[in-house]
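Enquirer: Respectively, the protein sequence lines represent chains A, B and C.
Residues 0 to 379 (numbering that gives the first Met the number 0) make up the first sequence, in order.
Residues 0 to 355 (numbering that gives the first Met the number 0) make up the second sequence, in order.
Residues 0 to 293 (numbering that gives the first Met the number 0) make up the third sequence, in order.
Among the hints, a few may not be true.
What the hints assert, rightly or not - Think about it this way: if two alpha-carbon atoms lie no more than 30 Å apart in a straight line, the pair counts; the simulated DSSO-like pairs of lysine-lysine are: (1) 263(B) - 347(B); (2) 86(B) - 263(B); (3) 151(B) - 242(B); (4) 239(B) - 194(B); (5) 319(B) - 239(B); (6) 190(A) - 194(B); (7) 145(B) - 239(B); (8) 347(B) - 72(B); (9) 154(B) - 190(A); (10) 190(A) - 118(B); (11) 319(B) - 332(B); (12) 190(A) - 347(B); (13) 263(B) - 145(B); (14) 190(A) - 72(B); (15) 332(B) - 86(B).
Bear in mind the hints are in silico, worked out from the structure with no lab data behind them.
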Amino acid sequence: MTPTSAASPPAHASGWSREPTQSPRSKSEAGVIRRARIGDAVLGWACRLSAALIALMLVSLIAVLVHSAWPAMREFGVGFLISSEWRANEIERPVRDAAGQLMLRDGEAVMEILPPAFGALPVIWGTAVSSFLALVIAVPISLSAAVFLVRVAPRLRIAGAASFLIEFLAAVPSLAFGVWALFVLAPLFQKYVGPWLHRIFEPIPGLRWMFYESVTVAGRTIERPIPLTGRDLFTGSLILAIMILPIVTSVSRDVLRAVPRTQIEGTLALGATWWQSCVAMLRYGRSGLLGAIMLGLARAAGETMAVTMVIGNNNQISPSPFAPAQTMASLLANEFAEATEGLHRASLLYVALILLTMSLMFNVVARRLVVGRIASSGSH
Amino acid sequence: MRQRLNGTLASLAVLTIGCGAFGGEVRLSGAGATFPAPLYTRWVSEYEKGHPSVRIDYRSIGSGGGVKAIADKTVAFGATDAPLSEKEIAAMGGTDSVVQFPAALGAVVPAYNLPGVDKPLQFTGAVLVDIYLGRISSWDDPKLQKLNPDAKLPKTPITPVFRTDGSGTTHVFTSYLGTQSSEFKGEIGVGKQVKWPLGQGGKGNEGVAAAIQQTLGAIGYIEHNYAIANKIAFGAMQNKAGKFVLASPESVSAAGDATSSELKGNVLRADAWNAPGDDAYPISAFTYIVMYKQLENINSEAEAAALLGYQRWTLGPGQKFSAQMHYAPLGEKVQAAALAALGAVTHKGKAIPVQP
Amino acid sequence: MSRSFAEFRRRTISSIMFALCAGGASLIIAILLLVIGYLVWIGVSSLSWDFLTTVPTGDVANPGGMRHAIDGTIILVALASAIGVPIGVLAGIYLAEYPGEHVATGPLRFLADVLTGVPSIVVGILGYELVVVPVSRWTHGSVSFSGYAGAAALAFIMIPIVARTTEEMLRLVPRSYREGSLALGATRAQTIFRVVLPGAFGGVATGIMLAMGRIAGETAPLLFTALGSRLLTHNPAEPFPSLTLQIYTYATGPYPEQKRLAWAGILVLLAMLFVVNLSIRIVASRHARMRMGA
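Here chain A stands alone, though its shape is the one from the complex (with noise of 0.2 Å):
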């Protein structure tokens, strides 16, 4: 069981109707009652206070994160979010005119010093692709296996030891994932799929940008095929696919299975295949599946140390699945513990910030999203 917004009726369904009403009658009954008094509102009190505790967690979570990203927040404010530069070392080189001569002084080149620069636009990027790929490699294959078994599983008197080994992958740690994406997967990718997708797509006009990149290297740019790897944006959505499915899959069998049997029922003596109940099924805890799949997302896009295996870690926006990139959270991972200098170290805070910002938005959105579609349509 996980938690999920979307799969629990609204806040009315369930609760209290109307404090009890009593009137004391004797002295020792009204002890009673006041002890009881007393006991509810320790209780109230002690629930608000834990409720409370986790404002307070994410106050501080949010009031550290920019007190130590301040200096990048400084300095280079809302252009962060859109600037697709991100070099943590200082650059020395010389000056070259519009020519692209050397600029003399003395005999001597003029030398210039780039500063480090930071800009978080091609990790959101990172993040945004690979969490979009994950689902769409994932969410297929949870919702079927969720209907699988809410559906046929028990029958089959499988649907426990199933569950339970879907859970049970659920808590793989995520560094178990990544060593075997390391060692399996990167290899499998480089020696055999990688290849064979090259020869499916390669020969289809239009898809050229798939497996090949300009590169400007010493101010010439030249064309290349994209190396295939294995450590690219495709095998880490893959391996984001894989750690989700777990928790779509048991939170989607959850929710299908708190459809009331009779809207099956009622479908199948409508004459429905099986399928079309099952469609049927879906449709009405869709608020629900929606939530399933944001909680993946949330997943997803939090993932560290498996997806840092095998992304490749590389700054840069490439329209290509093929090519190397980043996430924000391997960009933490790979650069956090060496980065002694103040700017490039906010500058990393900062793109926590935004990773929580994001999280903080989506959150938002699916709450709307999954409110009004019950509100619409009017049930409970």
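Starting from the known structure of chain A, fit chains B and C onto it as the hints suggest.
Expert: Chains B and C in isolation, oriented as in the chain A frame:
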């Protein structure tokens, strides 16, 4: 299993009592650079054999983490691959309150995946620059062939491999290449982390090594001890004197010795790459320990004495373990400079008694 | 003719989709078996009694075991749960049982959802800035990186998960139970502790154990808080070892002998998680049976 369970129960009991003191035992912790971590771990375990009342723990959290931790005074000593910058020294209270000294040397080697080539290939800095800038794209390139007249080089394309995470390794490698080519310095630059125009990346030595081993024709830069321990083929480099030298404890120590005249005062630093001398391996570097000069981050005198005793030991008897772990020991002059820097250390102004 | 064709098409699509659904479920289980199979294959040969009972030696040729890290993970998870479970469950009760205060519960539910998506490395940074540095300053350095700081970081991850799971599970308890209890004169506290919570026990326990499984596998939040240790320690006021930290150190280090230990460590971690998950199942199903019987 049962024993472990008992242990766990006992431990839970301990933590509920909140017991903190371990009778007479001194515990110290250090943190920082990942590269020398196996050596430091070996050192503390060897040191503890002769000093059973001292427990020291070193954790590799990265040089950045180590520098921040010592600046925040959350550890007894920090460790970093790149020497402290002026800003970092200022954050710790200026040159007068910091001690920095080299503890060991390491080297970076050009490792490659070329089945059929048995003898180590020979490289120059200029050729490596050409490879990483994409000007040499095949192993049978005339420039490579000229350096290796006896080797049968295949027509395999070269895939350069680089490290994606910030590391002392990249810092040493780019610093060396920067001395070989001003173009490299102006295009890619020098740093713990730089933006490589082409090739494929790997996170950590293990990521680079995996990329090299999985890609035919790949060349990458990894730490010498990593290449040795994992039996990855690597080449010899031409040094400043024009000789081709393979990385080894001796050739790397020689590079360190050549720079010992630069080591002065209590904040020692010297660039050991591209060092002069016939035997010096050119892609070498020191790795440093950072402490407070007055040990204001240390509470008791006993802890201060233990810390100083341990650090002195690493600079003396400890050095013999370096070569065993495929690091390079410090030469005599470097050791003397480091011990002199340690001599300035006091505990909040008071002299620290020398431990046996 | 066309009608029977439509019927045929309908039936065929249904069969195809049936096969696809079965395929989806099998695919997930196949992936699990592939991953686990690989990890067992690389790890099992390094697993030994010494691995479970000794601590690292620092010597590469004879690296020792991971007893300290196994103990460390158990204690860290126990400590984190001691902080996280009560707070998480109470917060969950608040979200589910106080709908009258929806002005507060709505936004809080949203904040809890946001917190479940925070990247774990950020939690580590927070733990360093809010626990390690202040405590170090306060104790003049005698306590800095510590098991307590690590447990706090893990609890931070645990609380929103437990809170939201508890809430969802409490909502599944029929309203009539509460009304019945109240009608019999029970107080709100009595109703929650004697009727609602027991009614949702299986689900709440599952949520707690899933959260425990999640934090047992975390590395990044511990890196800057517990720091790790190669020593056997049961005192959380010191830098504290964990399986994941030790695995990470060995897996990224240069020596094959240590790497093999890392793979064995992953296997031990998986076995521990397997036991936890199995107990979830047993607890949940036994509870379900008990309730059925009642």
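Enquirer: For every hint, state whether the structure bears it out.
Expert: Going down the list of hints, with the structure as the test:
1. 263(B) - 347(B): holds (23 Å)
2. 86(B) - 263(B): holds (20 Å)
3. 151(B) - 242(B): With a Cα-Cα distance of about 22 Å, the restraint between residue 151(B) and residue 242(B) holds, given a limit of 30 Å.
4. 239(B) - 194(B): holds (26 Å)
5. 319(B) - 239(B): holds (28 Å)
6. 190(A) - 194(B): holds (27 Å)
7. 145(B) - 239(B): Given that 30 Å is the threshold and the Cα spacing comes to 19 Å, the pair holds.
8. 347(B) - 72(B): holds (14 Å)
9. 154(B) - 190(A): With a Cα-Cα distance of about 19 Å, the restraint between residue 154(B) and residue 190(A) holds, given a limit of 30 Å.
10. 190(A) - 118(B): holds (27 Å)
11. 319(B) - 332(B): Measuring from Cα to Cα gives roughly 16 Å; hence the hint holds.
12. 190(A) - 347(B): violated (61 Å)
13. 263(B) - 145(B): Since the Cα atoms of residue 263(B) and residue 145(B) sit roughly 42 Å apart, the hinted pair is violated (cutoff 30 Å).
14. 190(A) - 72(B): violated (49 Å)
15. 332(B) - 86(B): Measuring from Cα to Cα gives roughly 28 Å; hence the hint holds.
Checked against the numbered hints above, the structure breaks hints 12, 13 and 14 and satisfies the rest.
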